[in-house]
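Enquirer: Below, each chain spelled out in residue letters.
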Amino acid sequence: SSSEQGQNSEGKKLVVGATMLSMQNEFIVNVADEMEKKANESNVELIVVDAERSPLKQVEQVESFIAQKVDAIILNPCEVEASSPAVTKAMAAKIPIINVNSATSAKPTAFVGSDDVESGRIAMKYIAEKLGGKGNVVMMHGLMGQAAQIQREQGAQEILKQYPNMKLLAHQTAGWDRAKGMALMENWIQSYGNQINAVFAQNDEMGMGAVKALTDAGLKNKVIVVSIDAIPDALQAVKKGTLDATVFQNAQQQGSKAIETAIRIAKGESYEKETLIPFQLVTKENLAKFLN
Amino acid sequence: MPNLCSMIPTQKPKSTYLNQVGESYKTRLRGLSTYGILLAFIAICIVLALITPRFLTISNLTIVLTQVSINALLAFGVTFVIITGGIDLSIGSMVAVTGVVAAMFAHPDTYPVGVPLLMGLLTGLLFGAFNGLVITRSKVHPFIVTLGTMTMGRGLALILSKGRPISNLSDEFNFIGGGQVLGIPMPIIILIVFFIICSVLLQKTVLGRYMYAVGGNEQAARASGISLNKVKMVVYTLCGGLAGLAGIVLTSRITTGQPNAGAGFELDAIAAAIIGGTSTSGGTGTMTGTLIGALLIGVISNGLDLLNVTSYYQQVVMGIIIIGAVVLDSWNQNRNK
Amino acid sequence: MPNLCSMIPTQKPKSTYLNQVGESYKTRLRGLSTYGILLAFIAICIVLALITPRFLTISNLTIVLTQVSINALLAFGVTFVIITGGIDLSIGSMVAVTGVVAAMFAHPDTYPVGVPLLMGLLTGLLFGAFNGLVITRSKVHPFIVTLGTMTMGRGLALILSKGRPISNLSDEFNFIGGGQVLGIPMPIIILIVFFIICSVLLQKTVLGRYMYAVGGNEQAARASGISLNKVKMVVYTLCGGLAGLAGIVLTSRITTGQPNAGAGFELDAIAAAIIGGTSTSGGTGTMTGTLIGALLIGVISNGLDLLNVTSYYQQVVMGIIIIGAVVLDSWNQNRNK
Amino acid sequence: MTQPPTPILQVRDLSKSFAGVKALDNVQLNVQRGEVHAVMGENGAGKSTLMKILIGLHTPDAGEVMFERSPLPYGDVHEILKRGISMIHQELQVVPELTVAQNIFLGRETTGGLFSWLNDRRQEREAGLLLEQMGVTIRPGQTMKYLSVAEMQMVEIAKAISNQAKIIIMDEPTSALSDKEVAALFRIISELKKNGVAIIYISHKMEEIFEIADTITVLRDGQYIDTQPAANLNRNSLIAMMVGREIESLFPESVPRKGQEVLSVRNLSRAGKFTDINFTVHEGEVLGLAGLMGAGRTEIARAIFGLDELESGEIYIKGQKADIHSPQDAIQHGIGYVSEDRKALGFIPGLSVKHNITLASLPNHSKGGLIQDKTETEAAAKMIADLKIKSAGMHQKVTYLSGGNQQKVVIGKVLLASPDLIILDEPTRGIDIGAKSEIYKLINRLTASGIAVIMISSELPEIIGMSDRVVVLSQGRQTATLSKEEATPETIMAYAMHA
Ligand SMILES: Nc1ncnc2c1ncn2[C@@H]1O[C@H](COP(=O)(O)OP(=O)(O)OP(=O)(O)O)[C@@H](O)[C@H]1O
Ligand SMILES: Nc1ncnc2c1ncn2[C@@H]1O[C@H](COP(=O)(O)OP(=O)(O)OP(=O)(O)O)[C@@H](O)[C@H]1O
Ligand SMILES: [Mg+2]
Ligand SMILES: [Mg+2]
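Protein chains in written order, with our numbering: chain X, 1 to 292; chain F, 1 to 337; chain E, 1 to 337; chain R, 1 to 499.
Bound-form chain X, shown alone (with noise of 0.2 Å):
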């Protein structure tokens, strides 16, 4: 029943704790939220810790959650390799600890999310597929080094590559801010101006600034944008049309899934060691399905 839900074997209400890359961005918190809510259904204390992109930050709260003895642990990592420490020292520890979002190289008790090198290709191919293979890019990264922004970019490569009339004319970073989206846009507009058929911002933020400024510049219509997260802002100006995609990651998905393995391994139950939570490409034909 559903009052006992929440209950280890002993009967106390289970404790889990998560870690978040940053509870400054918008999907993230859209986890986060997701996870709170559907913990207050099982009734089970979730402790939702920001790791402020700080892959040693987010180790420590790991060891933290350790020494708290919580009942698991729910991690989703700031970086592949350099959260890895939190997996492993969870895993030592014997405390179950459950990816959400993205992917660490050591192995967690369970993983929930998607691929982030899926998300570049999926966006990257809608441009390509919209130049008709052929025509000149440019690419804003996020911070650079960053695992989303090295993932993002990598499958971007990927597709780059099988398209060799498309050319790369430049690339920079923005931050995942969108103000120095806008200001990069800009520089751009005045080094290419009508040389720049798509834009490909690693997340909507970036994507937006970038919207403004080819708006400002009145060439809004000449240039495809196309960016990923599918936050409310993104979702409006795809509605409009002036942002052309972005690719949607499914954050209620991503954050009920995540709890729900958590409780069934803490209760000794059975569970799906992957569970692969697909991305998908947002334009105005399917634009209904994610607007709520």
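FRET-style restraints, in silico, Cβ to Cβ: (1) 47/F x 91/X: 49 to 59 Å; (2) 206/E x 388/R: 43 to 53 Å; (3) 215/X x 49/F: 27 to 37 Å; (4) 239/X x 175/F: 15 to 25 Å; (5) 204/F x 121/R: 53 to 63 Å; (6) 367/R x 47/F: 41 to 51 Å; (7) 70/R x 47/F: 46 to 56 Å; (8) 47/F x 252/X: 45 to 55 Å; (9) 381/R x 193/X: 53 to 63 Å; (10) 313/F x 372/R: 52 to 62 Å; (11) 313/F x 221/X: 29 to 39 Å; (12) 272/R x 206/E: 31 to 41 Å.
Per the computed footprint, the stretches of chain E lying under chain R, defined by three or more beta-carbons under 8 Å from a beta-carbon of chain R, are: (13) 201-209; (14) 224-234.
In short, the hints are calculated from the structure, not lab data.
Ideal placement from N, C-alpha and C gives every residue a C-beta, glycine not left out.
Fit chains F, E and R with the ligands to the given chain X structure using the hints.
Expert: Below, chains F, E and R with the ligands without anything else, positioned relative to chain X:
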């Protein structure tokens, strides 16, 4: 306690007869400190114009100015603070808080555009006044106080916005950062207006004079009947107000209130002020210098993008050019001394 | 002219005595400055222990100490710098560069573990020496120089690592940050060893004395035959070396060389030093104070996590507590004056 | 005639300029072992610059310095100190956060043990002995910043002496000392002379020069004028050499014009500083405050001016009780204060002459917060003309002015706030004889226009020459109030030492 300032040897008193000519010469050269960095700035502009024809176009220069506006507004505020011998690290967070607050009142068909403007500014002024209050009451170093309020402000912005960008702002509001008047982008107009206001305030008013006095020698200022606490309250509040304005311009420019906007802006603003000749020990600095400092940073950043320098190298080059410009300026000044 | 010397009293004015009693009393209380922040620290610990039973456990305290170690090492370095009246904003970037360099040499079956250690340290020392060189040669304010090298360092770390984390490090290397000796985590051991080394250096050696002298009154130090440039070179180099060590510990702890590690670390380290009583105007400060400052920050951050304070509120509370602790300390000092 | 022995220090044709200004122009100086060699000249004559070259703080542009027959290692302070030249600097060169002993041994610390650890305990012992020999009671473990200026000056003297130097340069060592310490210093000097140490001595106090100097070298505007045995000179001939003209009488005649009561203080007290102080000052009157160093005179002035809080007692201004808690209040009540420490409390070094002069009266030169440049400039120009302030113009920064002119700027600032009462605390400290007589004339002009003056001074001739009445303090207590006739050096001293 003996006053410690008395032990810090200042420049030797000069002989009256001998140096009058020399002094006025030196004084004139001293004034050139701003001039020196202006030369560095012009040199960089010339180099950029030679390397890339895209640099020296009206449209590109307009963009540079627009991009510079936010940093310049912040730098004006922090120039006041640094002139009095203080520092403000919380300006980046103030940009976020004020932007979020303004955005909360800027949805279409809710309030007239004056309301988000007022609320944003007011938030900035209050935040700044809070800084000033803690600094003057507690006598704790402004570095640590504003480091604390920087963290607090960031948290506040996240709490107010629940960690999500606030979008869907009215067109009137978005005009502030995105509109144009007579073909001139609004941020540039705001920049020019506030440059003039701040310059006048600093150079032509009693308050401005008191700022120099407090930063130049706090004890002597006090003994001249100046209330140190009042002057400090005013500069931190002003700095907050200008950060509020910058927050509004930024929010309006990107048409979203961003709780994580402005991170690191404090360092750029302080850099602009120092590059422009404001001494961190207080008592010197001008708004013109600060404006040139902000322009220097803006032009370099624009130029590196135009030249498509890889982002890794951009950072290295940016660092080298900034240090280089200031080093050249300081050598130049020392040689003339 | 009457001969004044004949009238000179042989009896000395009593006020000198009077003064001495009062003064030495004051001096003793002054020494309590560190003590004040220690009290604040203990108070916070007691409060935490009362609120949550999880706080006062060996395992939790071990974790806090381990977590504090990196910030403390950085704070030790920057304490040297601040005591001489300087500042170093580049320590966060140095952590990244040294970590990346160390990781490049730390793959299993390539070099013995001494090589990455040495290379990391050397990189830090060189970086710091570069800071010192520019600061002493150019006479540009350390704030702007290290702001420049902060940007440059970040770029360098990205260039060296090609923007990617460097992983697959040897077990020996990972032992530095992740291993234990007699049940004590290595970072804690390193922390204690370097706390002692830095304390002794500052308190017991001529070099340490010169640091205080240079920061207390540069001109007086120079007039006493102390080479300002040498002392400054040493402190920036030391600061770089300690940042290198912190970079190694960090890299080893997260088993990856991260080009974007350490962002913002400079502010935490400076905060620890200032909270611990190092004055930004130079001439005062102790390693014990800095250690307590770092512990204070670490304990608050740990406590807020333990209490499950929402991350947004954590920042607000963190800001309030830090300002609060320093304010209390300063009131306490003023009252005793 | 016997050949004079080779000088231990020979300076030949030394020149030094700053940004095109010649501070020294072909200067000569020969110093013999065991002599006290006075170097004299007006403010800005180049005395300190010459000394800073000798100690290595400046490097010369041209010329030659031979010390013990070998060239001086220019610019290397450390090496020069080691070779045996040490210096008491005109500006206090102390590290406030270090202890007395640490300051004394700064740069040549006592170390011991395998790793040459600092040995603070031994340093304190040695410093204690040294200070005791000098006859001063300063605890060697005391933090420097808690000492009075005079005590710091004594520590600086101890530091220079303890270097076992062959030449000790003393650049205005007595400007912050009272007579008792001066006597101690002179005892030390004669001791050093006996041991063959040469002293280069700089002071603006004439009596001192004639008391201790063997030889006198005079500089004027950076140029070498002459060197003479002290015995060949008298006060007037020396002044003539320095100034290039005669100065007749130092203290101008004045007609006392005592008017209404301006200030009256009753039972002023501040724990540990002063107790039960009562006096009254009238329009057109100069009230002298005399006492030994540390008698509490400055403390009383600071309290009246609102820089420090009073603990008890009342202040009456023109018969009305006044509540003064800040300098602002004091200025509003018509009080002006010229501090003994003009660098710390007097002026803003980075601001111009004009801006400094108008600082305390700025609201009077502004409308609605906006400074009226014309009114301000006129007011400043008038004050500059009135006080004969010499500068390159009113836009020159005050840092670059000579000490006397800096002092006049501070007085000008105070005057422009139109006070009824001015407190002058050591108004002539470190000021050359020409500027001194101008300041005395100025005081007379102030009283003539009905302003009341309180003058604090450690120079008895000044107190006696200028005051209409003298209040004498001893250890924070008022021991006498003397009329002009009663105020002889002997009586003042007797009351100043009164327990
Ligand atoms: N700011 C201060 N803090 C602590 N002690 C002080 C302070 N100022 C002065 N004193 C001490 O108080 C006593 C009175 O000093 P004060 O300056 O009033 O003496 P004075 O009579 O003016 O002598 P002086 O000739 O030195 O100016 C001295 O012993 C001095 O050391
Ligand atoms: N560091 C400096 N930079 C520029 N000018 C200087 C410097 N030091 C001294 N001067 C100038 O050199 C000249 C000589 O100054 P110096 O200090 O030697 O005079 P002085 O004879 O010691 O005067 P006083 O009696 O006031 O101490 C003055 O005109 C002074 O302004
Ligand atoms: Mg001099
Ligand atoms: Mg006095």
